[in-house]
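> Given chain D, put chain Y in place with the hints provided.
These protein sequences, in sequence, are chains D and Y.
FYI, numbering that gives the first Met the number 0 numbers position 67 of the first sequence as 66, with every residue one higher than the one before it.
FYI, numbering that gives the first Met the number 0 numbers position 216 of the second sequence as 215, with every residue one higher than the one before it.
Here are a few chain D residues that face chain Y, going by a calculated C-beta distance under 7 Å: (1) Ser198; (2) Leu199; (3) Gln205; (4) Leu232; (5) Asp291; (6) Gly292; (7) Leu336.
What follows is a set of in silico ranges between Cβ atoms, one per label pair, in the way DEER data are often shown: (8) D:Asp97 to Y:Gly100: 50 to 56 Å; (9) D:Gln65 to Y:Ala6: 43 to 49 Å; (10) D:Thr191 to Y:Pro77: 37 to 43 Å; (11) Y:Ala10 to D:Leu189: 43 to 49 Å; (12) D:Arg299 to Y:Ala10: 49 to 55 Å.
If you're looking for bench data, these hints aren't it; they were derived computationally from the structure.
Note that beta-carbon positions come from the ideal geometry of N, C-alpha and C, so glycine has one too.
As a plain string of letters, each chain reads:
There are 2 protein chains.
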Amino acid sequence: MNHSMQAFLKAVGTPWPVVQAPMAGSQGSALALAVCAAGGVGSLAAATLSADALQQELSVLAKQAQGPWNVNFFCHNPPPDDPVREKAWLDALRPLADRLGVSLPAGRAVASRSPFSRELLDLIRPYRPPVVSFHFGLPRPELVGAIKAWGGQVWSSATTVDEARWLEQRGVDVVIAQGLEAGGHRGMFLTTDVTTQTSLLALLPQVVRAVRIPVLAAGGIAHEAGVQAALALGAAGVQVGTAYLLCPEAQTHPLHRAALASDRARHTALTNVFTGRPARGIVNRAMRELGDGATCLSARAPAFPLAGWAMAGLRSAAEAAGLDDCSPLWAGQAAPLCEPATAAELTQRLGRAAHAATPSNA
Amino acid sequence: MNHSMQAFLKAVGTPWPVVQAPMAGSQGSALALAVCAAGGVGSLAAATLSADALQQELSVLAKQAQGPWNVNFFCHNPPPDDPVREKAWLDALRPLADRLGVSLPAGRAVASRSPFSRELLDLIRPYRPPVVSFHFGLPRPELVGAIKAWGGQVWSSATTVDEARWLEQRGVDVVIAQGLEAGGHRGMFLTTDVTTQTSLLALLPQVVRAVRIPVLAAGGIAHEAGVQAALALGAAGVQVGTAYLLCPEAQTHPLHRAALASDRARHTALTNVFTGRPARGIVNRAMRELGDGATCLSARAPAFPLAGWAMAGLRSAAEAAGLDDCSPLWAGQAAPLCEPATAAELTQRLGRAAHAATPSNA
Numbered sequence: 000m001n002h003s004m005q006a007f008l009k010a011v012g013t014p015w016p017v018v019q020a021p022m023a024g025s026q027g028s029a030l031a032l033a034v035c036a037a038g039g040v041g042s043l044a045a046a047t048l049s050a051d052a053l054q055q056e057l058s059v060l061a062k063q064a065q066g067p068w069n070v071n072f073f074c075h076n077p078p079p080d081d082p083v084r085e086k087a088w089l090d091a092l093r094p095l096a097d098r099l100g101v102s103l104p105a106g107r108a109v110a111s112r113s114p115f116s117r118e119l120l121d122l123i124r125p126y127r128p129p130v131v132s133f134h135f136g137l138p139r140p141e142l143v144g145a146i147k148a149w150g151g152q153v154w155s156s157a158t159t160v161d162e163a164r165w166l167e168q169r170g171v172d173v174v175i176a177q178g179l180e181a182g183g184h185r186g187m188f189l190t191t192d193v194t195t196q197t198s199l200l201a202l203l204p205q206v207v208r209a210v211r212i213p214v215l216a217a218g219g220i221a222h223e224a225g226v227q228a229a230l231a232l233g234a235a236g237v238q239v240g241t242a243y244l245l246c247p248e249a250q251t252h253p254l255h256r257a258a259l260a261s262d263r264a265r266h267t268a269l270t271n272v273f274t275g276r277p278a279r280g281i282v283n284r285a286m287r288e289l290g291d292g293a294t295c296l297s298a299r300a301p302a303f304p305l306a307g308w309a310m311a312g313l314r315s316a317a318e319a320a321g322l323d324d325c326s327p328l329w330a331g332q333a334a335p336l337c338e339p340a341t342a343a344e345l346t347q348r349l350g351r352a353a354h355a356a357t358p359s360n361a
Numbered sequence: 000m001n002h003s004m005q006a007f008l009k010a011v012g013t014p015w016p017v018v019q020a021p022m023a024g025s026q027g028s029a030l031a032l033a034v035c036a037a038g039g040v041g042s043l044a045a046a047t048l049s050a051d052a053l054q055q056e057l058s059v060l061a062k063q064a065q066g067p068w069n070v071n072f073f074c075h076n077p078p079p080d081d082p083v084r085e086k087a088w089l090d091a092l093r094p095l096a097d098r099l100g101v102s103l104p105a106g107r108a109v110a111s112r113s114p115f116s117r118e119l120l121d122l123i124r125p126y127r128p129p130v131v132s133f134h135f136g137l138p139r140p141e142l143v144g145a146i147k148a149w150g151g152q153v154w155s156s157a158t159t160v161d162e163a164r165w166l167e168q169r170g171v172d173v174v175i176a177q178g179l180e181a182g183g184h185r186g187m188f189l190t191t192d193v194t195t196q197t198s199l200l201a202l203l204p205q206v207v208r209a210v211r212i213p214v215l216a217a218g219g220i221a222h223e224a225g226v227q228a229a230l231a232l233g234a235a236g237v238q239v240g241t242a243y244l245l246c247p248e249a250q251t252h253p254l255h256r257a258a259l260a261s262d263r264a265r266h267t268a269l270t271n272v273f274t275g276r277p278a279r280g281i282v283n284r285a286m287r288e289l290g291d292g293a294t295c296l297s298a299r300a301p302a303f304p305l306a307g308w309a310m311a312g313l314r315s316a317a318e319a320a321g322l323d324d325c326s327p328l329w330a331g332q333a334a335p336l337c338e339p340a341t342a343a344e345l346t347q348r349l350g351r352a353a354h355a356a357t358p359s360n361a
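Excised from the complex, chain D in its bound form (with noise of 0.2 Å):
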């Protein structure tokens, strides 16, 4: 055990130091209170739940879980108008619909995501969560404070070293490095370059140089190793999130399901087709198609959250027909190394692996 691992068990009080990271829309309550439960933290994602599903989930966490639990929230900066993109959007996004046979809808593309806000802040607060995380930077200042004022802790994930310090220097408790393995949303809030996202490899080591909190390690780490080269690195912990997908306590989608468990889990991409910001996933029929070029990025994709809306329709209609061509299938690099388990399976696996690695710095 290091140095950096002990003060981050001591101050989340937590026996291991595995965190389940939050998987918007492939997870509610039940994987984090079995994580908890484990000894981990679990963490609930509330970037797609409605006001009552927050509350609901929040009830259940705040009577039930043992040990402390995280709830997640996007702080994005709504987007700007762009009637024109939205357009664009939509013609680029017809060939699919008519081989689908579905119509794309009309009107204003519609945000299904909200960033935090002091009406969600005034939600959570009778729950007192142990942790807020965010992704995608910080709330305002007052509302950080706030919840430092119940004894909260702040997280965020930095994906460049610029991003760790500038979370250092705003009262961040813990950083987590957001390897470029890592499935899902890219964390990146200072630059929408996705040249300058690096692996874990790279960036975890300097983030532990250029800040003092503890750094938490995420992406590409699915297995016991993944954690023991995840400390070596210098990380205090890991935060895991494809490896739980595979949980029976997980809502994962059986499409998605079976993509995870399949070999086309060994090719993930970069895309922003789905949502309009960079993230990874098993590479897909609209990944493939709406990408510029060699990549699975377009140029074309209105702005975070905005470019989901229409693709909303053609998801449920490929769904229906027992197609993942329009599913984001959220995975990290390391989906070929995970193992079906329970929670409580995984996160004793992994924990127990962080307890037995870096002897020589006990």
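Positioned in the frame of chain D, the structure of chain Y alone reads:
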């Protein structure tokens, strides 16, 4: 020390499981000799050497190297004739050329790098290199067999699990798992799709599971913690490039050396604008201006190695003016973790870290 590392050290006959990566254009026998003398495996990059220069370097290595050494060749297929693409590339380069005040060359592109061949086999045979390594696959089976006939080991790079299996099936002694972090050319040869390229954290454990031969880890390893992470992931040893570029024994161009030591080294990207194949370097003007969309890759670049022909004059003119705008500044993502050291210091530092690692598997 894990079993795989023990097997590697025994088969190769070297004290440290540390291989200096061959780096065409930036090093010769001097760097390789220094690495060998310190207990690692020094490498000579033959790709850009004339026959005379190659013989000269091999003669030095055969006489003076302490312990095993390696000579590395490219084994790409010479590109098809494509005058239209060559012409389009000259058009793409014109704005850069105009700004530098140089003329673009006339006539047809000339290959700056030749693949391994029967002639090169005959040239190296008298020196009996203990290791011959290849990039971009393998040469014809009879050439591989001829190297093995004199007791030489044959190594090659894999960037995917499929490539690793392909190499093992063809008798390779050691496979080098090249993570996406690596500087210089991607060794990819069964695919041209850069989205298939994964980071070492994801690639290495999959390759270790897929093959029975020793696996060296390459990409993103520049300091002790990187070595220990690679060994935790199952590597038998490491191949390190960028860190050796800063050694006094390397012939790294002063502009390249300055870029590596600057904050610019934090931003590398894959580019094909210097040779026609994707390779990782510090982002510079040519990469930015010639890359398509948000990438540093151009669909217009002629096939490897022909893209380099017209760029050579631009590079010379820019370098004469003290600019690295048109120079390939090859570097891995871990460049910011490199610290200046002699080749002996670096080799011993990394080697000691390897021996200290993974005691639980001893």
